[in-house]
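Protein chains in written order, with our numbering: chain X, 1 to 407; chain Z, 408 to 814.
These are computed hints drawn from the structure, not numbers from a lab.
A couple of the hints might just be wrong.
Said to hold, decoys possible - Computed beta-carbon distance windows for the label pairs:
hint, chain 1, residue 1, chain 2, residue 2, range
1, Z, Pro648, X, Tyr364, 49 to 59 Å
2, Z, Asp555, X, Glu7, 54 to 64 Å
3, X, Gly384, Z, Lys697, 35 to 45 Å
4, X, Pro257, Z, Asn810, 16 to 26 Å
5, Z, Glu726, X, Arg366, 51 to 61 Å
6, Z, Asn810, X, Pro129, 48 to 58 Å
7, X, Gly384, Z, Glu410, 21 to 31 Å
Note that the Cβ used here is the ideal one computed from N, Cα and C, for glycine as well.
Protein chains: 2
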Amino acid sequence: MQEIIRELIQPSDSKIVLCVLDGLGGLPFEGKTELETASTPNLDGLARSGACGLHIPVARGITPGSGPSHLGLFGYDPLKYEIGRGVLEALGLGIELTPRDVAIRGNFATVKYDGVRPVIIDRRGGRIPTEENRRIASRIREKINTIDGVKVSITSGMEHRFALVLTFPEPLPFGADDISDTDPQKEGKSPLRPTARRKEAEVVASVAEKFINLAADIIRDEKAANYLLLRGFSLYPGLSPFSEAYGLKAATTAAYPMYRGVAKLVGMELLEVADTSTKSEVETLKRHFKEFDFFYFHVKKTDSYGEDGNYWGKVKVIEEFDGFIPEILSLNPDVLVVTGDHSTPAVMKAHSWHPVPFLLHSSYTRGGGSLGFSERECLKGELGIFRATDVMTLILSHSRRLNKFGA
Amino acid sequence: MQEIIRELIQPSDSKIVLCVLDGLGGLPFEGKTELETASTPNLDGLARSGACGLHIPVARGITPGSGPSHLGLFGYDPLKYEIGRGVLEALGLGIELTPRDVAIRGNFATVKYDGVRPVIIDRRGGRIPTEENRRIASRIREKINTIDGVKVSITSGMEHRFALVLTFPEPLPFGADDISDTDPQKEGKSPLRPTARRKEAEVVASVAEKFINLAADIIRDEKAANYLLLRGFSLYPGLSPFSEAYGLKAATTAAYPMYRGVAKLVGMELLEVADTSTKSEVETLKRHFKEFDFFYFHVKKTDSYGEDGNYWGKVKVIEEFDGFIPEILSLNPDVLVVTGDHSTPAVMKAHSWHPVPFLLHSSYTRGGGSLGFSERECLKGELGIFRATDVMTLILSHSRRLNKFGA
Numbered sequence: 001m002q003e004i005i006r007e008l009i010q011p012s013d014s015k016i017v018l019c020v021l022d023g024l025g026g027l028p029f030e031g032k033t034e035l036e037t038a039s040t041p042n043l044d045g046l047a048r049s050g051a052c053g054l055h056i057p058v059a060r061g062i063t064p065g066s067g068p069s070h071l072g073l074f075g076y077d078p079l080k081y082e083i084g085r086g087v088l089e090a091l092g093l094g095i096e097l098t099p100r101d102v103a104i105r106g107n108f109a110t111v112k113y114d115g116v117r118p119v120i121i122d123r124r125g126g127r128i129p130t131e132e133n134r135r136i137a138s139r140i141r142e143k144i145n146t147i148d149g150v151k152v153s154i155t156s157g158m159e160h161r162f163a164l165v166l167t168f169p170e171p172l173p174f175g176a177d178d179i180s181d182t183d184p185q186k187e188g189k190s191p192l193r194p195t196a197r198r199k200e201a202e203v204v205a206s207v208a209e210k211f212i213n214l215a216a217d218i219i220r221d222e223k224a225a226n227y228l229l230l231r232g233f234s235l236y237p238g239l240s241p242f243s244e245a246y247g248l249k250a251a252t253t254a255a256y257p258m259y260r261g262v263a264k265l266v267g268m269e270l271l272e273v274a275d276t277s278t279k280s281e282v283e284t285l286k287r288h289f290k291e292f293d294f295f296y297f298h299v300k301k302t303d304s305y306g307e308d309g310n311y312w313g314k315v316k317v318i319e320e321f322d323g324f325i326p327e328i329l330s331l332n333p334d335v336l337v338v339t340g341d342h343s344t345p346a347v348m349k350a351h352s353w354h355p356v357p358f359l360l361h362s363s364y365t366r367g368g369g370s371l372g373f374s375e376r377e378c379l380k381g382e383l384g385i386f387r388a389t390d391v392m393t394l395i396l397s398h399s400r401r402l403n404k405f406g407a
Numbered sequence: 408m409q410e411i412i413r414e415l416i417q418p419s420d421s422k423i424v425l426c427v428l429d430g431l432g433g434l435p436f437e438g439k440t441e442l443e444t445a446s447t448p449n450l451d452g453l454a455r456s457g458a459c460g461l462h463i464p465v466a467r468g469i470t471p472g473s474g475p476s477h478l479g480l481f482g483y484d485p486l487k488y489e490i491g492r493g494v495l496e497a498l499g500l501g502i503e504l505t506p507r508d509v510a511i512r513g514n515f516a517t518v519k520y521d522g523v524r525p526v527i528i529d530r531r532g533g534r535i536p537t538e539e540n541r542r543i544a545s546r547i548r549e550k551i552n553t554i555d556g557v558k559v560s561i562t563s564g565m566e567h568r569f570a571l572v573l574t575f576p577e578p579l580p581f582g583a584d585d586i587s588d589t590d591p592q593k594e595g596k597s598p599l600r601p602t603a604r605r606k607e608a609e610v611v612a613s614v615a616e617k618f619i620n621l622a623a624d625i626i627r628d629e630k631a632a633n634y635l636l637l638r639g640f641s642l643y644p645g646l647s648p649f650s651e652a653y654g655l656k657a658a659t660t661a662a663y664p665m666y667r668g669v670a671k672l673v674g675m676e677l678l679e680v681a682d683t684s685t686k687s688e689v690e691t692l693k694r695h696f697k698e699f700d701f702f703y704f705h706v707k708k709t710d711s712y713g714e715d716g717n718y719w720g721k722v723k724v725i726e727e728f729d730g731f732i733p734e735i736l737s738l739n740p741d742v743l744v745v746t747g748d749h750s751t752p753a754v755m756k757a758h759s760w761h762p763v764p765f766l767l768h769s770s771y772t773r774g775g776g777s778l779g780f781s782e783r784e785c786l787k788g789e790l791g792i793f794r795a796t797d798v799m800t801l802i803l804s805h806s807r808r809l810n811k812f813g814a
């Protein structure tokens with residue numbers, strides 16, 4: 001689709017706001033989903049006049065992680081493109097990546113030495129406090145900077161987790177991240193060597209192995225975190241930026257690092273937000289509204305409460321968002337979309353496969369199907385059930401940014 | 408999709424029952440379809456709380472045979488995989504096949520000899536009675552056992568039809584069944600030679616030709632059935648078994664040979680059933696419920712009555728099945744699906760292309776869309792219209808057997 005769209009793009013000064021309420025879709029609790037329980041007079045009004053439907057993030061019955069579900073919404077087929085686990089970890093820690101980087105998930109582990117051979121006692125290094133992690137990581141950082149001309153950066157995460165980024169002098173070829181994990185997945189075993197599964201990955205595997213050996217020497221005297229395990233070697237995914245793919249100057253008001261990271265991957269500008277509140281995002285949106293064509297607005301807490309099983313917390317976040325709709329509408333966007341990236345029903349305390357309610361407000365909708373904004377009302381909407389990869393095409397057409405296909 | 412699913416499978420002790428009412432979908436007669444006329448209080452209740460929709464067996468507007476429609480339901484794309492006509496014929500006669508077999512549809516024909524050249528007078532050998540067929544086939548069986556080390560088995564079907572299975576010492580390569588039919592499709596012509604259309608098929612074609620000549624000599628003195636025509640040469644399709652594809656220990660309660668055959672092809676255990684009644688299948692299901700993860704339950708008569716144009720007979724079979732729902736539910740399956748493999752509207756007296764009503768009962772459905780179980784009510788359900796190849800993914804997700812896709 002992206003290839004076809006690229007041919008059809010026409011210039012326009014229309015404005016687009018895509019609001020993603022993370023994990024928006026739900027399941028009934030005492031007969032009603034979170035969205036059905038929430039009092040959302042503004043969204044209901046938009047649903048009645050707008051184009052509603054439900055999108056399938058990846059495929060029917062497939063529960064997506066945040067990476068694939070955002071790729072889909074942004075029009076990059078998640079069955080074709082992949083954000084590797086290392087990249088996702090790095091994005092989550094606010095690291096900016098380029099095509100010269102390999103990103104790796106790491107964790108500190110506890111080993112004892114059987115002669116020179118390390119044997120894993122605790123794969124999670126006693127889940128050391130994050131503060132301890134920072135101290136140990138900085139010990140490594142002080143001593144290791146580059147290996148064989150490759151820049152090495154370790155960044156602490158929560159507890160025992162960290163991200164490792166290897167920055168090469170040149171962009172890396174496809175397959176350079178095809179390297180096995182070093183975590184043997186079992187205590188009592190020795191860590192594995194990072195092994196290249198194809199020729200293109202050999203240099204990367206060799207640098208990673210040297211790093212492990214050097215770093216393990218440095219932290220050998222630590223009690224709980226005296227070793228490192230690496231997994232999820234991954235390259236920067238080669239996504240064409242929004243400007244090229246859609247002719248859109250795009251920005252995000254998202255506050256959480258991972259979502260800012262995903263936005264960065266598709267070439268969006270990262271706007272400053274005061275804090276993680278919806279209010280701050282709205283303020284950022286207003287402040288920069290003139291500067292960009294497209295805004296990706298992200299509400300995290302619908303998902304967090306869903307994962308916690310906090311039905312009423314999720315209801316409240318939805319209601320709070322609804323309260324900001326008049327303020328967003330006062331900016332007069334040509335297209336306003338409200339949807340989720342996937343479902344996170346509070347009754348399941350987890351992401352799920354269920355289709356996600358979708359609402360598109362513009363001057364070019366038929367409307368009149370849905371009586372409000374909910375999973376069941378969206379079923380009656382003019383868009384029906386469709387794959388998330390269609391979202392960007394729908395947005396572009398409703399904002400009059402696509403020419404006719406063929407004559 | 409099967410490749411993706413394989414990566415996501417997680418162990419579970421959930422139980423799944425897939426009930427296929429053959430040819431379930433219908434068309435209105437005096438305003439109502441068979442399913443709308445049938446009194447189905449139990450299915451209606453499940454439809455109200457469950458996930459409903461309609462599936463498309465192969466593609467929009469395509470009327471499927473039983474082979475493709477079952478492949479689709481079981482998650483094997485019928486546009487990619489094929490159960491050859493010879494294999495289908497053999498399955499229908501209760502023959503078990505292996506990768507060493509070539510299965511062929513045959514029929515007895517009447518020829519007169521023009522010198523040594525046979526000329527076809529009746530392509531269907533006067534549609535001899537099945538008993539006559541058995542007698543003639545056993546004459547051939549007595550004389551021909553193996554040809555060039557290949558085991559030859561002829562099995563009588565109805566009237567003039569039979570199945571021929573050639574069993575080779577080794578599994579056959581792809582393409583070994585690419586052999587032209589010997590039926591010239593017209594009386595007054597000579598039968599054609601079985602001709603290999605590629606190298607891999609040459610040995611098979613040669614054995615088949617020898618068989619025809621030897622067998623024709625044996626039955627030369629028969630009046631009506633003194634010759635044989637072969638068509639639909641086909642190999643055992645290489646379908647990955649349910650255990651590998653989905654991590655499911657699967658079994659069927661189906662009673663009719665062809666459906667047991669299709670189940671066998673995907674590695675299901677064939678359970679003993681007393682007779683072809685729904686009652687017997689329910690008893691078998693109950694008896695073995697603890698032993699398997701997945702049960703394929705099959706009701707044949709909805710289709711048979713549909714093909715006969717017996718609207719009220721089909722209605723009655725549906726009502727009878729509805730009566731067994733409480734007994735099936737008392738087993739407490741995690742997922743219960745009720746659907747058809749295709750539509751067989753009594754008013755058409757034939758299979759048809761119409762989407763097939765689908766109902767999924769589990770703890771993880773939104774429900775509330777459909778007011779009952781019928782073609783038109785299923786349209787309002789949360790699943791919408793979808794391809795049959797999504798059925799297994801939906802079943803696996805609702806039975807919590809799939810991990811998240813990506814992070």
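Exercise for the section: Given the hint of 51 to 61 Å, check if Glu726/Z and Arg366/X actually sit that far apart at their C-beta atoms. Expected result: 40 Å, violated
Exercise for the section: Confirm or reject the claim that Pro648/Z and Tyr364/X have a C-beta distance inside 49 to 59 Å. Expected result: Since Pro648/Z and Tyr364/X have Cβ atoms about 50 Å apart, the given range 49 to 59 Å holds.
Practice task
Just tell me: holds or violated, for the beta carbon distance of Asp555/Z and Glu7/X against 54 to 64 Å?
Solution key: The hinted range 54 to 64 Å holds for Asp555/Z and Glu7/X, with Cβ atoms some 59 Å apart.
Handout entry: Pairwise beta carbon distance, Gly384/X to Lys697/Z, judged against the given window 35 to 45 Å
Key = 41 Å, holds
Handout entry: 48 to 58 Å as the expected CB spacing between Pro129/X and Asn810/Z, which holds or is violated
Key = 30 Å Cβ-Cβ, so the 48 to 58 Å window is violated.
Practice task
With 16 to 26 Å as the target window, see if Pro257/X and Asn810/Z comply at their CB atoms.
Solution key: Holds, since Pro257/X and Asn810/Z (Cβ atoms, about 24 Å apart) stay within the stated range.
Exercise for the section: State, for the Cβ atoms of Gly384/X and Glu410/Z, whether the hinted interval 21 to 31 Å holds or is violated. Expected result: At 27 Å between Cβs, range holds.
Consistency with the previously given hints fails for numbers 5, 6, ordered from lowest to highest.
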